[in-house]
Amino acid sequence: MKKLVVSMTLVACILLFVWASWADSSKIVRFTEAWPTYIDPAIAADFSSSVSVANLYDTLVFPTYDGEVVPHLAESWEVSEDGLTYTFYLRKGVKFHNGEELKAEDVVFSMERLLTIGQGYSYIFKPIIEKVEALDDYTVRFQLKKPFGPFLYALVRLYILNKDEVLAHIEPTGEYGAMGDYGKKWLLTHDAGSGPYMVQEMRLEEYLHAVRFPEYWKPLDPDAPSEFKYIGTTETATVRTLLSKRELEISDFRQPAEFYEAVSKIEGVKVAKLFGGSTFFCMMHNRKPPTDDVHFRKALAYAIDYDAIANQIFPGARQAQGPVSFILPGHNPEVYQYRRDLEKAREELSKSRYADKLDEYPVDLVWCAEVPDEEKVALLIQANAAELGITVNVIKTPWMKIIEEVATPETTAHMYLIFVSPHYAEAGSMLQSKYHSSSCGTWEQTEWLQDPELDKMIEDAIATVDKEERFAKYRKIQEYIVDLCPSLFLIDQPENYAYQDYYIDWTAAERAERGEKVNPVMGYNHYMPDIRVYPEKREELLKKK
Amino acid sequence: MRRTRLGRWWYKFSRNPLSVVGLVIVAFIVFCAIFAPWVAPYPEHAGPYVNYGEANKPPSLTHPFGTDVFGRDVLSRVFFAFRSSLLMGVVVLAIVVPVGVTLGLLAGYFKESWIDILIMRITDIFLSVPPLILALAITSVLKPNLTNAMIAVSVMWWPWYTRLVYGMATSLRNEYFVQSAELIGASKFHILFREILPNCVSTILTKMTLDMGWVILIGAALSFVGLGEQPPKPALGTMVADGAKYLPEYWWISVFPGLAIMLIVLGFNLLGDGIGDLFSLEEA
Numbered sequence: 007m008k009k010l011v012v013s014m015t016l017v018a019c020i021l022l023f024v025w026a027s028w029a030d031s032s033k034i035v036r037f038t039e040a041w042p043t044y045i046d047p048a049i050a051a052d053f054s055s056s057v058s059v060a061n062l063y064d065t066l067v068f069p070t071y072d073g074e075v076v077p078h079l080a081e082s083w084e085v086s087e088d089g090l091t092y093t094f095y096l097r098k099g100v101k102f103h104n105g106e107e108l109k110a111e112d113v114v115f116s117m118e119r120l121l122t123i124g125q126g127y128s129y130i131f132k133p134i135i136e137k138v139e140a141l142d143d144y145t146v147r148f149q150l151k152k153p154f155g156p157f158l159y160a161l162v163r164l165y166i167l168n169k170d171e172v173l174a175h176i177e178p179t180g181e182y183g184a185m186g187d188y189g190k191k192w193l194l195t196h197d198a199g200s201g202p203y204m205v206q207e208m209r210l211e212e213y214l215h216a217v218r219f220p221e222y223w224k225p226l227d228p229d230a231p232s233e234f235k236y237i238g239t240t241e242t243a244t245v246r247t248l249l250s251k252r253e254l255e256i257s258d259f260r261q262p263a264e265f266y267e268a269v270s271k272i273e274g275v276k277v278a279k280l281f282g283g284s285t286f287f288c289m290m291h292n293r294k295p296p297t298d299d300v301h302f303r304k305a306l307a308y309a310i311d312y313d314a315i316a317n318q319i320f321p322g323a324r325q326a327q328g329p330v331s332f333i334l335p336g337h338n339p340e341v342y343q344y345r346r347d348l349e350k351a352r353e354e355l356s357k358s359r360y361a362d363k364l365d366e367y368p369v370d371l372v373w374c375a376e377v378p379d380e381e382k383v384a385l386l387i388q389a390n391a392a393e394l395g396i397t398v399n400v401i402k403t404p405w406m407k408i409i410e411e412v413a414t415p416e417t418t419a420h421m422y423l424i425f426v427s428p429h430y431a432e433a434g435s436m437l438q439s440k441y442h443s444s445s446c447g448t449w450e451q452t453e454w455l456q457d458p459e460l461d462k463m464i465e466d467a468i469a470t471v472d473k474e475e476r477f478a479k480y481r482k483i484q485e486y487i488v489d490l491c492p493s494l495f496l497i498d499q500p501e502n503y504a505y506q507d508y509y510i511d512w513t514a515a516e517r518a519e520r521g522e523k524v525n526p527v528m529g530y531n532h533y534m535p536d537i538r539v540y541p542e543k544r545e546e547l548l549k550k551k
Numbered sequence: 190m191r192r193t194r195l196g197r198w199w200y201k202f203s204r205n206p207l208s209v210v211g212l213v214i215v216a217f218i219v220f221c222a223i224f225a226p227w228v229a230p231y232p233e234h235a236g237p238y239v240n241y242g243e244a245n246k247p248p249s250l251t252h253p254f255g256t257d258v259f260g261r262d263v264l265s266r267v268f269f270a271f272r273s274s275l276l277m278g279v280v281v282l283a284i285v286v287p288v289g290v291t292l293g294l295l296a297g298y299f300k301e302s303w304i305d306i307l308i309m310r311i312t313d314i315f316l317s318v319p320p321l322i323l324a325l326a327i328t329s330v331l332k333p334n335l336t337n338a339m340i341a342v343s344v345m346w347w348p349w350y351t352r353l354v355y356g357m358a359t360s361l362r363n364e365y366f367v368q369s370a371e372l373i374g375a376s377k378f379h380i381l382f383r384e385i386l387p388n389c390v391s392t393i394l395t396k397m398t399l400d401m402g403w404v405i406l407i408g409a410a411l412s413f414v415g416l417g418e419q420p421p422k423p424a425l426g427t428m429v430a431d432g433a434k435y436l437p438e439y440w441w442i443s444v445f446p447g448l449a450i451m452l453i454v455l456g457f458n459l460l461g462d463g464i465g466d467l468f469s470l471e472e473a
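So the sequence lines, in the order shown, correspond to chains A and B. Quick note: to get our numbering, add 6 to the position in the first sequence (first position is 1). Quick note: to get our numbering, add 189 to the position in the second sequence (first position is 1).
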């Protein structure tokens with residue numbers, strides 16, 4: 007008996023050793039990002055979650071780097087004259103990770119689940135979807151309540167789940183009646199997708215490890231990653247050490263400028279600048295004194311030293327022009343841009359009702375603890391505001407706590423420094439997720455703007471099917487918002503990633519280097535099938551040491 | 190008469206050159222802290238000020254300790270940080286010593302009565318929690334700022350004085366002078382504060398000087414994790430933490446504040462040893 011135990015242990019050790027050395031030379035891509043990450047498509051909405059679901063699940067249409075959509079699970083589609091009915095013809099023989107075939111009823115189920123749970127990207131679909139039905143196993147029809155111009159672009163956020171598998175993993179005691187918890191608990195750490203990768207192990211707060219799905223319907227390049235691991239940290243020293251030990255292929259983009267300068271000196275490491283359509287905001291609470299006063303907000307908008315942010319804190323960024331990034335289709339290039347002008351700032355401040363009692367109204371400014379560079383911006387705003395006599399308290403808060411406190415207007419602080427990316431590649435996405443009342447209480451809108459007029463304008467614009475007309479409406483909304491000044495529009499920010507240029511080919515980085523557009527849909531620049539890994543080159547670098 | 194006594198003290202104190210070094214260091218730090226606005230080359234850098242054009246400059250004549258990632262002069266900020274550090278030490282001791290000593294006297298004098306049991310068991314409870322953990326817990330519940338950091342450190346520090354004085358009071362209560370005072374009907378207040386306390390003063394004073402360095406160190410630890418003075422006000426712990434992200438390229442951002450912490454603690458420890466020597470020689 008004893009012998010057996012000893013030999014079993016020995017075998018286990020050898021296996022472990024073999025596995026460890028194999029894992030080391032496998033085609034793995036590892037990247038870092040701030041936790042939390044939700045791989046449940048009905049909850050996923052932030053950056054790391056979007057990256058994860060894009061690789062684990064499939065969608066009907068797929069976003070290209072040029073900002074268009076191409077057939078994916080849907081081979082073709084038809085749109086009715088009035089723009090209210092979309093019929094999609096599905097690809098046959100697409101398999102889920104458990105081997106079952108993807109059918110029209112799975113699409114229906116996925117949409118219903120998303121709308122019922124009402125989190126994540128559901129707000130895009132909630133106001134427009136009337137009904138989804140499966141006409142047969144491979145035909146699905148969406149009936150809209152009203153025309154929605156960017157519907158096809160929005161569909162890149164409908165991730166298709168395996169109905170049977172989700173139903174098999176429902177916890178009966180849940181908030182969704184007959185559906186129990188709708189599989190929320192199980193889907194927190196498992197996937198029910200058909201995407202090119204499937205979850206191997208998900209450790210909350212630590213990492214997500216996914217491996218290639220061997221039966222994926224679309225053949226992947228042999229040099230595409232065989233697995234990827236997303237590591238939940240942005241701690242600068244850790245990220246840097248991992249990079250130099252070649253245990254990390256792509257860094258997160260939340261590092262300070264000093265980090266990029268230092269790691270670009272490591273052999274084989276390069277820094278990619280991707281303008282992904284994200285804009286850096288200083289969001290202001292529009293329902294809490296003193297930032298509820300438009301003149302107070304404008305005074306701040308005129309006081310900020312935008313050049314210092316765009317050139318010194320985030321080298322390579324551009325001062326934002328309104329709430330929509332300059333690379334997004336539908337951006338208004340003529341909208342007013344606030345510049346630093348202390349005289350104008352004082353003039354605006356004197357018009358505000360808090361002008362002579364600034365001492366009584368200190369302003370809390372929250373920055374995200376995981377992004378060290380935000381502290382620089384926070385202190386800059388503090389210094390700029392001090393020139394006007396406004397006291398700003400700078401508060402460092404972890405991302406998870408920010409998400410919690412912005413849920414109600416009472417717990418939301420005056421100002422937050424937050425990066426926001428569009429969910430689909432059009433100005434409308436940004437305008438809706440940033441300023442429509444439906445996004446109040448999420449981290450994307452801590453303004454609590456709740457302007458019925460603006461809501462109507464946004465709804466009207468995205469319901470416009472004609473592209474030119476829609477874009478004209480987008481431009482008008484941007485003017486309206488800039489005049490309202492609900493947030494400080496700081497910069498259009500390139501996401502800076504340090505990556506192992508010597509042993510991986512990263513399509514998005516190469517496109518950016520050639521000056522071409524990168525994917526404006528958040529998460530899709532990390533689409534693993536578009537990456538190539540060469541482990542033997544990695545070995546080469548390791549041997550040199 | 191007084192002068193010669195002072196002279197004798199000084200003679201004893203200065204027999205150990207290290208004590209003098211400690212005194213000089215402490216005097217220097219106190220001077221820098223009080224006159225920070227005049228001593229610091231860029232006093233405005235301790236307030237809401239940023240200048241990203243001057244960020245991360247290595248030590249030079251214009252910035253002897255270099256500049257941090259916000260373009261602020263590290264030397265000026267160190268001078269201003271001395272203020273909050275010293276304030277922390279002084280205020281904490283000013284709270285902790287009277288409270289701790291009084292409780293210790295009471296418990297020690299009324300040994301084996303319910304007062305003793307009540308006070309000492311509470312003291313034991315506080316002593317059983319690791320001090321830094323307790324302070325961290327308190328500051329994270331309250332709003333992080335200097336006042337709350339001082340409250341937190343005070344809460345964890347008083348039991349040590351209670352313990353110290355308790356030990357001394359329990360032995361002193363059996364001395365003849367205390368018993369004589371009791372016999373002639375002196376008030377409890379008189380016995381506690383006029384008979385017993387003066388005999389503890391030398392030990393308490395020595396502990397205070399030694400503690401000053403430790404309190405400042407704990408304060409720096411709290412500000413290192415972001416629970417002390419809030420930006421832009423400088424604190425030594427915060428400065429070390431900020432700079433740690435940029436090691437080793439921009440070493441000066443955290444190394445100099447780190448050295449400053451070392452200097453303060455060293456200074457007060459040497460001074461404390463000197464004062465301890467002074468009293469032990471006095472008694473000998």
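The set of hints was computed from the structure by calculation and includes no laboratory data. Treat each hint with caution, since some may be false.
27 Å max Cα-Cα, derived DSS-like pairs, lysine-lysine [said to hold, decoys possible]:
hint	chain 1	residue 1	chain 2	residue 2
1	A	Lys294	A	Lys350
2	B	Lys434	A	Lys271
3	B	Lys201	A	Lys402
4	A	Lys279	B	Lys332
5	A	Lys33	A	Lys543
6	A	Lys101	A	Lys294
7	B	Lys300	A	Lys407
8	A	Lys276	A	Lys33
9	A	Lys224	A	Lys101
10	A	Lys251	A	Lys224
11	A	Lys363	B	Lys246
12	A	Lys407	B	Lys246
13	A	Lys251	B	Lys332
14	A	Lys523	A	Lys276
15	B	Lys246	A	Lys276
16	A	Lys101	A	Lys152
17	A	Lys33	A	Lys224
18	A	Lys402	B	Lys300
19	A	Lys363	B	Lys422
Going through the hints against the structure:
Among the hinted pairs, lysine 294/A with lysine 350/A is consistent with the structure: their alpha-carbon atoms are about 23 Å apart, no more than 27 Å. Restraint check for lysine 434/B and lysine 271/A: satisfied, since their Cα atoms lie roughly 17 Å apart, inside the 27 Å limit. Annotation: proposed proximity of lysine 201/B to lysine 402/A is violated, straight-line Cα distance about 50 Å (limit 27 Å). For the hint pairing lysine 279/A with lysine 332/B, the CA-to-CA distance comes to about 38 Å; that exceeds 27 Å, so the pair is violated.
Restraint check: the Cα-Cα separation between lysine 33/A and lysine 543/A comes to about 11 Å, which is no more than 27 Å; the hinted pair holds. Taking the CA atoms of lysine 101/A and lysine 294/A, the gap is near 51 Å; set against the 27 Å cutoff, the hint is violated. Pair hint lysine 300/B plus lysine 407/A does not hold up; C-alpha atoms about 49 Å apart against a cutoff of 27 Å. Proximity of lysine 276/A to lysine 33/A is assessed by CA-CA distance (about 19 Å); at most 27 Å being required, the pair is judged to hold.
Between lysine 224/A and lysine 101/A the CA atoms are separated by roughly 11 Å; this keeps the pair inside 27 Å, and the hint holds. Among the hinted pairs, lysine 251/A with lysine 224/A is inconsistent with the structure: their alpha-carbon atoms are about 33 Å apart, more than 27 Å. For the suggested pair lysine 363/A and lysine 246/B, the alpha carbons sit about 39 Å apart, so the restraint of at most 27 Å is broken. As the CA atoms of lysine 407/A and lysine 246/B are separated by approximately 34 Å, the hinted pair breaks the 27 Å bound.
Between lysine 251/A and lysine 332/B the CA atoms are separated by roughly 40 Å; this puts the pair beyond 27 Å, and the hint is violated. Taken as a hint, the lysine 523/A and lysine 276/A pair is honoured in the structure, with Cα atoms around 19 Å apart against an allowance of 27 Å. Of the pairs offered as hints, the one joining lysine 246/B and lysine 276/A holds, with about 25 Å between alpha carbons and a cut-off of 27 Å not exceeded. For the suggested pair lysine 101/A and lysine 152/A, the alpha carbons sit about 33 Å apart, so the restraint of at most 27 Å is broken.
For the proposed pair lysine 33/A and lysine 224/A, the alpha carbon gap of about 19 Å is at most 27 Å, so the pair holds. Distance restraint check for lysine 402/A and lysine 300/B: the Cα-Cα separation of roughly 49 Å exceeds the 27 Å cut-off, and the hinted pair is therefore not satisfied. Proposed proximity of lysine 363/A and lysine 422/B is supported: the alpha carbons are some 23 Å apart, at most 27 Å.
Hint violations for this structure: numbers 3, 4, 6, 7, 10, 11, 12, 13, 16 and 18, all remaining hints satisfied.
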